[in-house]
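Participant: Here full-length UniProt numbering is used: position 441 in the sequence shown is 441, and no number is missing along the way.
Everything labelled a hint here was simulated from the structure, so no lab data went into it.
Check each hint, because a few of them may be wrong.
Heads up, simulated DSBU-like pairs for lysine-lysine below, C-alpha to C-alpha not over 35 Å straight-line [said to hold, decoys possible]:
id, residue 1, residue 2
1, Lys107, Lys466
2, Lys560, Lys544
3, Lys379, Lys430
4, Lys430, Lys357
5, Lys286, Lys320
6, Lys430, Lys452
7, Lys470, Lys544
8, Lys456, Lys430
9, Lys466, Lys98
10, Lys425, Lys452
11, Lys383, Lys320
12, Lys286, Lys357
13, Lys475, Lys107
14, Lys357, Lys379
15, Lys430, Lys377
16, Lys286, Lys452
17, Lys508, Lys470
18, Lys554, Lys530
19, Lys468, Lys485
20, Lys409, Lys98
21, Lys320, Lys452
22, Lys560, Lys508
23, Lys383, Lys425
24, Lys107, Lys544
25, Lys383, Lys357
26, Lys408, Lys320
27, Lys98, Lys468
28, Lys452, Lys311
29, Lys98, Lys408
30, Lys530, Lys470
31, Lys311, Lys456
32, Lys357, Lys456
33, Lys425, Lys286
Okay, the calculated beta carbon distance ranges per label pair [unchecked claim]:
id, residue 1, residue 2, range
34, Gln463, Gln571, 36 to 46 Å
35, Gln571, Tyr516, 12 to 22 Å
36, Met129, Arg47, 42 to 52 Å
37, Asp127, Asn412, 43 to 53 Å
38, Val403, Glu142, 29 to 39 Å
39, Asp127, Arg47, 54 to 64 Å
40, Lys377, Thr283, 20 to 30 Å
Where a beta carbon is used, it is the ideal one built from N, C-alpha and C, also for glycine.
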Amino acid sequence: GCNPLAETGRSKLQNQRAVLNQQILRAVRMRAGAENLLRATTNNKVREQVLLELSFVNSDLQILKEELEGLNISVEVYQNAEETFSIPLVPLGLKETKDVDFTLPLKDFILEHYSQDSSEYEDEIADLMDLRQACRTPSRDEAGIEMLISYFLQLGYVENRFFPPTRHIGVLFTWYDSFTGVPVCQQNLLLEKASVLFNIGALYTQIGTRCNRQTQAGLENAVEAFQKAAGVLSYLKETFTHTPSYDMSPAMLNVLVKMMLAQARECVFEQIGLSGIRNEFFTLVKMTQEVAKVGEVYVLVNTAMNQEPVKENIPYSWSKLAQIKSDHYKALAHYFIATILCDHELQPGDDEDQQEKALSQLYDHVPEGLMVLAVLKDKVQRKQLGKAHLRKAIVYHEEALRVCGLCKKLRNIEVLQEVLTAAHKRSLLKYAQQETEDDFLSLIQAPDILPKTEHKIETIAPQFSKVKVKDFFHKLGPLTVFSAKQRWTAPRTICLHHEAGELGFSLKGGSPVQIYCLDPVCSAASAGLKEGDYIVSVDGVDCKWLGVNEVLEKLRSVGKQPIELEVISCQDTAASLHSKSATYSVGMQKTYSLICLAMDEDKIDQTKKAPLKLPFLSWGTKNRQKAASTLCLPSAVAGSSQNKKKLSPFTLLNTESSLY
Numbered sequence: 001g002c003n004p005l006a007e008t009g010r011s012k013l014q015n016q017r018a019v020l021n022q023q024i025l026r027a028v029r030m031r032a033g034a035e036n037l038l039r040a041t042t043n044n045k046v047r048e049q050v051l052l053e054l055s056f057v058n059s060d061l062q063i064l065k066e067e068l069e070g071l072n073i074s075v076e077v078y079q080n081a082e083e084t085f086s087i088p089l090v091p092l093g094l095k096e097t098k099d100v101d102f103t104l105p106l107k108d109f110i111l112e113h114y115s116q117d118s119s120e121y122e123d124e125i126a127d128l129m130d131l132r133q134a135c136r137t138p139s140r141d142e143a144g145i146e147m148l149i150s151y152f153l154q155l156g157y158v159e160n161r162f163f164p165p166t167r168h169i170g171v172l173f174t175w176y177d178s179f180t181g182v183p184v185c186q187q188n189l190l191l192e193k194a195s196v197l198f199n200i201g202a203l204y205t206q207i208g209t210r211c212n213r214q215t216q217a218g219l220e221n222a223v224e225a226f227q228k229a230a231g232v233l234s235y236l237k238e239t240f241t242h243t244p245s246y247d248m249s250p251a252m253l254n255v256l257v258k259m260m261l262a263q264a265r266e267c268v269f270e271q272i273g274l275s276g277i278r279n280e281f282f283t284l285v286k287m288t289q290e291v292a293k294v295g296e297v298y299v300l301v302n303t304a305m306n307q308e309p310v311k312e313n314i315p316y317s318w319s320k321l322a323q324i325k326s327d328h329y330k331a332l333a334h335y336f337i338a339t340i341l342c343d344h345e346l347q348p349g350d351d352e353d354q355q356e357k358a359l360s361q362l363y364d365h366v367p368e369g370l371m372v373l374a375v376l377k378d379k380v381q382r383k384q385l386g387k388a389h390l391r392k393a394i395v396y397h398e399e400a401l402r403v404c405g406l407c408k409k410l411r412n413i414e415v416l417q418e419v420l421t422a423a424h425k426r427s428l429l430k431y432a433q434q435e436t437e438d439d440f441l442s443l444i445q446a447p448d449i450l451p452k453t454e455h456k457i458e459t460i461a462p463q464f465s466k467v468k469v470k471d472f473f474h475k476l477g478p479l480t481v482f483s484a485k486q487r488w489t490a491p492r493t494i495c496l497h498h499e500a501g502e503l504g505f506s507l508k509g510g511s512p513v514q515i516y517c518l519d520p521v522c523s524a525a526s527a528g529l530k531e532g533d534y535i536v537s538v539d540g541v542d543c544k545w546l547g548v549n550e551v552l553e554k555l556r557s558v559g560k561q562p563i564e565l566e567v568i569s570c571q572d573t574a575a576s577l578h579s580k581s582a583t584y585s586v587g588m589q590k591t592y593s594l595i596c597l598a599m600d601e602d603k604i605d606q607t608k609k610a611p612l613k614l615p616f617l618s619w620g621t622k623n624r625q626k627a628a629s630t631l632c633l634p635s636a637v638a639g640s641s642q643n644k645k646k647l648s649p650f651t652l653l654n655t656e657s658s659l660y
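Just need the whole structure built from these sequences, with the hints factored in.
Facilitator: Structure (structure tokens):
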């Protein structure tokens, strides 16, 4: 990762975000305490003082939230260093987290669950913690993306190795909401995974905004980066269906995906016009349709941002910027079509049918009393319709400037003001060139323009398989056998003696090998060997990763001397879950509760079967049921059956697993 002490613009923003997160946490704790006191007291004087204090705390929270919004709209820090004349693109800030110490929980689990010397894994634990720490300050390039993906994949191994579905091992993960600054704390690894995925998407947006939009290659890279960001966020939405953090809620992620695809669409339009827009009939028709498409997608983004429950948490300046862009690009569409009508009169050698067809595709209807072919042939009608489009373009430009002036954060972005003002002046100049004394006779209203594009913009799904990672805890053995979901006896030492060249048993399976067809009267059985035991070492040599032929070779190489085997036996375990669980999630008014505790199992009538409740985070797309609330904890279901599946780094907890 990058140097956390480096004084770059991006690192300063992240440091300010971390400080604001702590201030918001203190204010929320004060408010929660005041609300508890207000409910508990009956003294009127105390109630008055508490109400006064609450008003101050709520005011502070609002100010802090506005400061956090200011960080989210500090787009100029993330833009390319080259001087450019383009509307800034919006990146996502990285989610902040607290340090996590894996040392004691993992060492205890290795000793207790795997019956191995945990001191032998200190380097592996340190590597895991170093990787997590580096992921807090990733570099803004493909290397940073690869590092975050590596940690995400490593978490798949860690989850299967150390996080059993029946209990927690005492590791607490804390992540801050990127929009509200509210912390969410859980002992479940799914919060860690979801947050890392969010940061992968956020880093892609920062890479996209950093691209040089004055070059063809830069714009291509920007389009790809925003498509990949949308793909990661979409994957997060579909995979983690119930998240306790608002920035990762399905509604918010849906808006963010739309915003990233809209910015990709905007870069595609800039790419088309990068070499210059020729003042030619069919070229302008194409540009009109493309820019109208950009305006349309930003209308959809702005509409989505103003829907509940996203409206309360999305930065106000983001929704206003989406509105400004929709007006700006719709104005450009009307300007282009006005240029077609005013500058390109039908000449004798022109193809009337082609021009009529092209112009007809721009409208779903034409003003009453006008025909497309008649407009093309009649100079007066062309001019009147062209001026109507210019008037509409000017109205949209003025609306964009008005909205920009009303938003304090956007008003301070100089390049945005310059782009909007220049486009407005250009439309005014064009209109002034067409102005004549008979303007008051023109009552034509410019029709809406139909958007159309030849460039398809879709999400690009994350390609995790392209990043190769090695399990830090490879020495524990094959993950299909040595996982947190299976319990084993402590290793037993069996001393074998050859009996007429026979061992008294056969071997089967892959790695590790398993005892098969054990002769109950052989010396090995007498020494304590059991059918189904796994061989983990031969004469002190680890053989968890060896196959049948390799283990047999080791047994033969000993000759007639006694052989010491270390074996383990699988224990049957009932997949019972904890009945108690808790999450710590505090936040803004009417959004978060300070502490949510699961109902104590002792208070439930033992004769009644506990109803199945959904967890906050569910892995898998099959779970489509809607949770009753994301502010209350699920009760764990005791005795839920566990289907035996082949494990992989991506195998995650059952949807009925305890998540807190």
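Participant: Now tell me, hint by hint, if it's right for this structure.
Facilitator: Tested hints:
Proposed proximity of Lys107 and Lys466 is supported: the alpha carbons are some 31 Å apart, at most 35 Å. Distance restraint check for Lys560 and Lys544: the Cα-Cα separation of roughly 24 Å lies within the 35 Å cut-off, and the hinted pair is therefore satisfied. Between Lys379 and Lys430 the alpha-carbon distance is near 17 Å, which keeps this suggested pair within the 35 Å criterion. A hinted pair counts as satisfied when its Cα atoms are at most 35 Å apart, and Lys430 with Lys357 qualifies at roughly 26 Å.
This hinted pair checks out: Lys286 and Lys320 have alpha carbons roughly 28 Å apart, not beyond 35 Å. As the CA atoms of Lys430 and Lys452 are separated by approximately 25 Å, the hinted pair is consistent with the 35 Å bound. Taken as a hint, the Lys470 and Lys544 pair is honoured in the structure, with Cα atoms around 17 Å apart against an allowance of 35 Å. Our distance criterion of 35 Å between C-alpha atoms is met by Lys456 and Lys430, whose separation comes to about 32 Å.
Between Lys466 and Lys98 the alpha-carbon distance is near 29 Å, which keeps this suggested pair within the 35 Å criterion. In summary, the hint linking Lys425 to Lys452 is supported, as the alpha carbons are separated by about 27 Å, within the 35 Å threshold. Taking the CA atoms of Lys383 and Lys320, the gap is about 34 Å. The hint holds against a cut of 35 Å. For the proposed pair Lys286 and Lys357, the alpha carbon gap of about 13 Å is at most 35 Å, so the pair holds.
A C-alpha spacing of about 14 Å is found between Lys475 and Lys107, which places the hinted pair at or below 35 Å, so the restraint holds. Under the criterion of a C-alpha separation no larger than 35 Å, the hint pairing Lys357 with Lys379 is consistent with the structure, at around 18 Å. Between Lys430 and Lys377, the direct Cα distance comes to roughly 21 Å. Compliance with the 35 Å bound is thereby established for this hinted pair. A distance of roughly 8 Å separates the Cα atoms of Lys286 and Lys452; the hinted pair therefore holds under the 35 Å criterion.
For a cut-off of 35 Å, the pair hint linking Lys508 to Lys470 stands: about 26 Å separates their Cα positions. For the suggested pair Lys554 and Lys530, the alpha carbons sit about 20 Å apart, so the restraint of at most 35 Å is met. Using a Cα cut-off of 35 Å, the hinted pair Lys468 and Lys485 holds, with the two alpha carbons roughly 25 Å apart. Restraint check for Lys409 and Lys98: the C-alpha separation of about 29 Å stays at or below 35 Å, so the hint holds.
Between the alpha carbons of Lys320 and Lys452 the distance comes to roughly 25 Å, so the proposed pair stays at or under 35 Å and holds. Under the criterion of a C-alpha separation no larger than 35 Å, the hint pairing Lys560 with Lys508 is consistent with the structure, at around 23 Å. For the hint linking Lys383 to Lys425, the alpha-carbon distance of about 20 Å falls within 35 Å, and the restraint holds. Note on Lys107 and Lys544: the hinted pairing holds, with a Cα-Cα distance of about 20 Å set against a maximum of 35 Å.
About 19 Å separates the Cα atoms of Lys383 and Lys357, which keeps this hinted pair within 35 Å; it holds. At roughly 11 Å between alpha-carbon atoms, Lys408 and Lys320 fall within 35 Å of each other, so this suggested pair holds. Distance hint between Lys98 and Lys468 is fulfilled; the C-alpha atoms sit about 27 Å from each other, no more than 35 Å. For the proposed pair Lys452 and Lys311, the alpha carbon gap of about 29 Å is at most 35 Å, so the pair holds.
For the given pair, Lys98 sits about 32 Å from Lys408 by alpha-carbon distance, which is consistent with the 35 Å threshold. Between Lys530 and Lys470, the direct Cα distance comes to roughly 33 Å. Compliance with the 35 Å bound is thereby established for this hinted pair. Taken as a hint, the Lys311 and Lys456 pair is honoured in the structure, with Cα atoms around 29 Å apart against an allowance of 35 Å. This hinted pair checks out: Lys357 and Lys456 have alpha carbons roughly 23 Å apart, not beyond 35 Å.
Distance check on the hinted pair: Lys425 and Lys286 sit about 23 Å apart at the alpha-carbon level, within 35 Å; holds. Taking 36 to 46 Å as the suggested C-beta distance range, the pair Gln463 and Gln571 conforms, at roughly 39 Å. The hint said 12 to 22 Å for the Cβ distance between Gln571 and Tyr516, and at roughly 19 Å that hint holds. A C-beta distance of roughly 48 Å is found between Met129 and Arg47, which places it inside the suggested range of 42 to 52 Å.
Our hint of 43 to 53 Å for Asp127 and Asn412 holds, since their Cβ atoms are close to 44 Å apart. Roughly 36 Å separates the CB atoms of Val403 and Glu142, a value that falls within the hinted 29 to 39 Å. Between Asp127 and Arg47, the C-beta spacing of about 55 Å keeps the proposed range 54 to 64 Å intact. The beta-carbon spacing between Lys377 and Thr283, approximately 21 Å, falls within the hinted interval of 20 to 30 Å.
Violated hints for the displayed structure: none, as all numbered hints are satisfied.
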